[in-house]
Amino acid sequence: MFYRFNNLKKKIPFPFIDIYFFKWNELKPTGIHNHAKNGCYVFLLKGKIKEDIYNNSLKRINTNVYHSPSISYMNDKIGYHCIQPLKKSISIHIYHPKDHQTKYFINNK
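Here the working numbering is used: the first residue of the sequence shown is 57, the next is one more, and so on.
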């Protein structure tokens with residue numbers, strides 16, 4: 057893994073999906089990463105985040121900015137992404153299926 061999450065990341069136990077609670081205190085971006093087979097929903101409860109979307113060649117193809125409250129969705133058919141909080145933020149992320157091992161990528165472009 058090329059990204060170290062220095063904010064609060066708490067896994068919430070659930071039988072068939074992974075649910076994570078994120079408290080973004082630092083304004084650092086995540087690494088570019090993939091998602092579970094059926095993707096990820098992000099529920100932004102508080103704050104503001106920026107999402108950069110990349111194709112499979114790691115070329116940035118889109119940027120979205122989300123203000124709370126909002127919901128976004130990402131899967132590997134759409135692309136990979138990285139998220140950067142633009143201010144202190146709180147979000148919940150839901151992944152399916154359970155126990156996906158996230159892969160992080162280095163973008164040398």
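Bear in mind the hints are in silico, worked out from the structure with no lab data behind them. Hints should not be assumed to be uniformly reliable.
As the list claims (entries may be wrong) - Keeping only pairs whose Cα atoms sit at most 25 Å apart, straight-line, the calculated BS3-like set for lysine-lysine is: (1) 143 - 93; (2) 133 - 154; (3) 143 - 104; (4) 159 - 66; (5) 67 - 159.
Unchecked claim - Quick list of simulated restraints, FRET-style, between CB atoms: (6) 124 - 84: 16 to 24 Å; (7) 64 - 111: 24 to 32 Å; (8) 153 - 83: 16 to 24 Å; (9) 66 - 113: 16 to 24 Å; (10) 75 - 113: 17 to 25 Å; (11) 70 - 113: 18 to 26 Å; (12) 68 - 125: 14 to 22 Å; (13) 161 - 83: 30 to 38 Å; (14) 72 - 142: 27 to 35 Å; (15) 66 - 152: 14 to 22 Å; (16) 82 - 120: 36 to 44 Å; (17) 64 - 115: 30 to 38 Å; (18) 144 - 113: 15 to 23 Å.
The structure displayed is predicted, hence computed values, not measured ones. Glycine residues also receive a C-beta, built at the ideal position from the N, C-alpha and C atoms.
So, going through the hints one by one against the coordinates:
Of the supplied pair hints, the one linking residue 143 and residue 93 is violated, its CA atoms being roughly 30 Å apart against a limit of 25 Å. With a CA separation close to 19 Å, the supplied pair residue 133 and residue 154 stays within the 25 Å bound. Restraint check for residue 143 and residue 104: the C-alpha separation of about 6 Å stays at or below 25 Å, so the hint holds. The suggested pairing of residue 159 with residue 66 holds, with an alpha-carbon distance near 19 Å, which does not exceed 25 Å.
About 18 Å separates the Cα atoms of residue 67 and residue 159, which keeps this hinted pair within 25 Å; it holds. Between residue 124 and residue 84 the beta carbons are some 19 Å apart, a value that agrees with the proposed interval 16 to 24 Å. Taken as a hint, the range 24 to 32 Å holds for the pair residue 64 and residue 111, whose Cβ atoms sit roughly 31 Å apart. Between residue 153 and residue 83 the CB atoms are about 31 Å apart, so this pair departs from the stated range of 16 to 24 Å.
Between residue 66 and residue 113 the Cβ separation comes to about 34 Å, which falls outside the hinted range of 16 to 24 Å. Range check, residue 75 to residue 113: Cβ separation about 31 Å, and the 17 to 25 Å hint is violated. Between residue 70 and residue 113 the beta carbons are some 34 Å apart, a value that contradicts the proposed interval 18 to 26 Å. Between residue 68 and residue 125 the Cβ separation comes to about 19 Å, which falls inside the hinted range of 14 to 22 Å.
Remark: the range hint 30 to 38 Å for residue 161 to residue 83 is contradicted by a beta-carbon distance near 21 Å. The beta-carbon spacing between residue 72 and residue 142, approximately 33 Å, falls within the hinted interval of 27 to 35 Å. Checked against the hint of 14 to 22 Å, the C-beta distance between residue 66 and residue 152 comes to roughly 18 Å, which is consistent with it. In this structure the supplied range 36 to 44 Å is violated for residue 82 paired with residue 120, their Cβ-Cβ distance being about 20 Å.
Here the CB-CB span from residue 64 to residue 115 is close to 32 Å, well matched to the stated 30 to 38 Å. At roughly 33 Å, the beta-carbon separation of residue 144 and residue 113 lies outside the given 15 to 23 Å, and the hint is violated.
The structure is inconsistent with the numbered hints 1, 8, 9, 10, 11, 13, 16 and 18, although it conforms to all the rest.
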